[in-house]
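Visitor: What follows is each chain in one-letter form.
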Amino acid sequence: MRQSAFTILTDIKPGHVDAVTRLLDRIDADRGRDPLGFDRLGTVHFASLSILPGSAGPDDDRASLVFEGNIDGPTARFLRQLRDLADGTVDEIYRHCAGHPGESGFDLVRYLTAHDIGTNVFYVARPGRSVGEVRREDRLRTRIREFLDGPEGAALRGQSPGLVHAAIVAYVRGRRDLAWALDPAPVPFLVRNGRWIAGLAVAPAALGLLLLIGRAPHQHGARLALLAVAAGAAAVAGRLRSAEKRDDEHDRKRSPTWQAAFAAVSGRISEVREFEDRGDQNHLASVAEIKPGRFRRITLRAVLAAVQARARLVDNRGSLGGISSIHFARWTMTPDGRRLIFLSNYDGSWESYLNEFIDLASGGLTAVWTNTDNAVGFPATRWLTSDGARDEARFKAFARYGMVRTRVWYSAYPHLSVPNIANNMAIRRDLGFLLGPDETRTWLRRL
Amino acid sequence: MTPLEKADVQGLVVSGYARMHHARYVMLRVNTPTAARRRLVDLAERLTTAERAEWSGCVNVAFTGTGLAALGLRADELDTFAAPFREGMVLPHRQRLLGDTGSSAPSRWQWGHPGRTGASAGRLHVLLLLFAADQPDLQALDEDVVGRLTVGGAFEVVHTLNPEPLPGTQSLGGKFGVEHFGFADGMSQPVIAGTGQETGLGGDEARRQVVATGEFVLGYANGYGRVTPSPTVAGADFGRNGTYLVVRQLAQDVAGFNRYLAEATGDDTGVRRDEAIERLAAKLVGRWRSGTSLVRSPHRDDVDLAEDNGFGFAEVDPDGERCPIGAHTRRANPRDGQGDDAHRSIELANLHRIVRRGRVYGPAPRDPFTDDGRDRGLIFICVNANIDRQFEFIQHTWLNNRHFGGLYDEQDPLLGAGGTFTVPQEPFAGRIHGIPNFVTTRGGAYFFLPGVAALRCLGLLSR
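Protein chains in written order, with the working numbering: chain A, 1 to 447; chain B, 1001 to 1463.
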């Protein structure tokens, strides 16, 4: 089952921000009753609704609503199901948005589809795993664990690993609600083959360059071509570095200072944090202004395309750039090319998430966010990927400043971490196989 | 590396004053700001610094955010302090991060609680830490220092904490304190670079234990090679050689702990099996009572290994079959055991270290299995330059994290309540359910521990 992402961005009608905020807060407070039907649909991994402020500062009342979905199957089908199941509530929300006529008989699905701005990067920790599978595999592990905690398990203490494994297989086979687990789950094509496809894509360019270098001493044409490549690269690098120096210059004149700008919004940050750490997972919604000019926009597009390729082909097994606490995340540029929206569904606290950014993936994150700005400002960057996020205090302030309070948030499996899901997958994967002694031990450790 | 300006740093940063067996923590409220500031100028001369730590009668002082406001700091100046300090420990979001909910909720605290009574967060302004070699000395020190501060009503004492004298009723060769559950405590401390304490350490041990000066003192390079933002007062750097202090009173249910161990290991006839009790206790804590790590001695306590703190998890015990992944001390410092790269794991773990300076309070119970109704536990004190990334991170990402190290839904076996605890072993892990709550927060606050010069400046402010 393939996962889809939608990012529905709609302008809120002037004067309607308070009303829609109240409505969303009511929906969130009512989440136990599944007011939007996400739980009943059974195809939503994570979903959120947040209100983005206007870009012109605190007095700008042109706010917009962003509806994020991380779902199984295609968006069009999902939106139709959503309309059928939670029509009243969804319609009630969008009555506050520009373009909605405010009366019934309105084609909501068409409206939502038209406002879906998609994603530039869509990261899925475990591509192909449906909500149903994640939940089923968790049930499998829970049942096996209960079996081992019970009297049968006590009898297995001291037995050989092979015997314990066999007893578990027999137990699973004997239960009608678990027998499905003995058939291995399909692994998506790109998860199986992404790495060599990535290699295949990079190889010709690398090979071509090597060939040019090899021939250059002998062939005039090769020399010229190599020179052209080098000149092109140098021009881009020079352009980049001069943009960065201009940014540094601009930053020195920043008024108020970034510390003061950050301190000034402490009330808003408290509001954001009020939504955090209610459970073991968290949601992050943020927006930053893309630096003016075509160069930054193009650079950002290129970086996001590279990150997307990496997420699809290489980082498709539970970790993105070494960070293994993200379930679903996305970067989306607004259609006017002026703002970058980041939405993430992750394990643990914001502080630990940001530390992982800095400690494990600062290069890639710097390459993305260095093209953006806010009142705190992204820390000084060199050559696109250096420094930047490594300036811990400033980067955290930048990231916090850009955050908006999530108003409605849904998680299909709030009690599972990304490593838990991976572990459950591995338990099922090796359940039905005859394993060697070491593999059996490793498998039993997973329980 | 920049050496620490010891004459300007308060002694508590580099020393727990182990030779000062008696201590008292006095909490004060500012009554008249002008007079109070004048007293602080005198107090600055009386402070024990890192340079001349241990002579009889050591005095250190720290301030809460409300305390600095009461002393005349303006809102824009307070804004330059770290957010957790500014906001205080009592905040719904922070309570969730620190686990201060239920019976540990601030509304039940003895000090630092919300409201306007006693040593509430609004009335707790100053923490005075007094240390002396014996009880008469401590009494004299208290009368002298507190007397000077309170004369004329400049300050008013709102609460006093009296930790148990060292080495306590139980001790381990007098070297380490023993906390109330009966375990040696304070075994593993980071060594602060630039203090001179790191000079004897070489190679591997240095890599594991020596941590950048700026992680514990403001004004120096931290673990990222940067200088942590420092507060500004009256246009000048107020943070230099200062740091943040976390103080929490953690009550320990000793009878509950011992009864639980006995029940969980007792056979059908109810006979207590000492060995099984010791083994279970060690699994929960991650160390034997002597302090010996389960990594070093997996099957029995071995006092000879107690001081061996140079162990890791990655090589010998990656799966927790010796020291469970969720054991209290493994959570509190995962060392080289996170991820696949042991070296990198230590580097990352060392970005979240604290220097602990706490002491035990309350007498040991006469019968370890009977609840005598007396309050006892640990007055936890730690030093760190970045409360969010150090103390709070340890609390929420390691100790209170239900998914720590790949675990499913577990809590710290000492700090959590009703949790499950996995004990990895062959051929498959055992699980313990329904571990009760043994530790309750009874008070807490964040303080700023200024450098001596900064304290003098504070005293000389004219406002």
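Hints listed in this document are in silico derivations from the structure and should not be mistaken for laboratory results. Don't take every hint at face value.
Pairwise CB distance ranges (calculated) [what the hints assert, rightly or not]: (1) B/Pro1318 with A/Ala228: 26 to 36 angstroms; (2) B/Thr1032 with A/Ser242: 57 to 67 angstroms; (3) A/Asp183 with B/Leu1201: 16 to 26 angstroms; (4) B/Gln1425 with A/Arg278: 52 to 62 angstroms; (5) A/Arg254 with B/Gly1434: 50 to 60 angstroms; (6) B/Asp1409 with A/Ile213: 54 to 64 angstroms; (7) B/Thr1117 with A/Arg254: 41 to 51 angstroms; (8) A/Ala302 with B/Gly1418: 43 to 53 angstroms; (9) B/Asp1409 with A/Asp183: 47 to 57 angstroms; (10) B/Gly1418 with A/Ala426: 41 to 51 angstroms.
Just a few of them, taken from the derived set where beta-carbon distance is under 8 angstroms, the chain A residues facing chain B [to be verified]: (11) Leu148; (12) Gln259; (13) Gly348; (14) Asn423.
For glycine and all other residues, C-beta sits at the position ideal for the given N, C-alpha and C.
Visitor: Decide, hint by hint, whether the structure agrees.
Guide: A quick look at each hint next to the structure:
1. Our hint of 26 to 36 angstroms for B/Pro1318 and A/Ala228 is violated, since their Cβ atoms are close to 51 angstroms apart.
2. At about 59 angstroms, the CB distance of B/Thr1032 to A/Ser242 agrees with the hint of 57 to 67 angstroms.
3. As the Cβ distance of A/Asp183 to B/Leu1201 is approximately 56 angstroms, the hint placing it in 16 to 26 angstroms is violated.
4. The hinted range of 52 to 62 angstroms is not satisfied by B/Gln1425 and A/Arg278, whose Cβ atoms lie roughly 34 angstroms apart.
5. Remark: the range hint 50 to 60 angstroms for A/Arg254 to B/Gly1434 is upheld by a beta-carbon distance near 55 angstroms.
6. Restraint check, B/Asp1409 to A/Ile213: a C-beta distance of roughly 56 angstroms satisfies the suggested window 54 to 64 angstroms.
7. The hinted range of 41 to 51 angstroms is satisfied by B/Thr1117 and A/Arg254, whose Cβ atoms lie roughly 45 angstroms apart.
8. Separation of A/Ala302 from B/Gly1418 is about 51 angstroms and conforms to the stated range, judged on CB atoms against 43 to 53 angstroms.
9. Judged by the Cβ atoms, the range 47 to 57 angstroms given for B/Asp1409 and A/Asp183 is violated: they are separated by roughly 27 angstroms.
10. Under the hint 41 to 51 angstroms, the C-beta atoms of B/Gly1418 and A/Ala426, about 28 angstroms apart, miss the expected range.
11. The interface hint given for A/Leu148 holds, since its Cβ lies 6 angstroms from the closest Cβ of chain B, which is under the 8 angstroms cut-off.
12. Because the closest C-beta pair between A/Gln259 and chain B is about 7 angstroms apart, less than 8 angstroms, the hint holds.
13. Evaluation of the A/Gly348 hint against chain B yields a held restraint, the C-beta minimum of about 6 angstroms falling below 8 angstroms.
14. The closest approach between the C-beta of A/Asn423 and any C-beta of chain B is roughly 7 angstroms, which is under the 8 angstroms cut-off, so the hint is satisfied.
In summary, the structure is inconsistent with hints 1, 3, 4, 9, 10 from the numbered list given earlier, while agreeing with the others.
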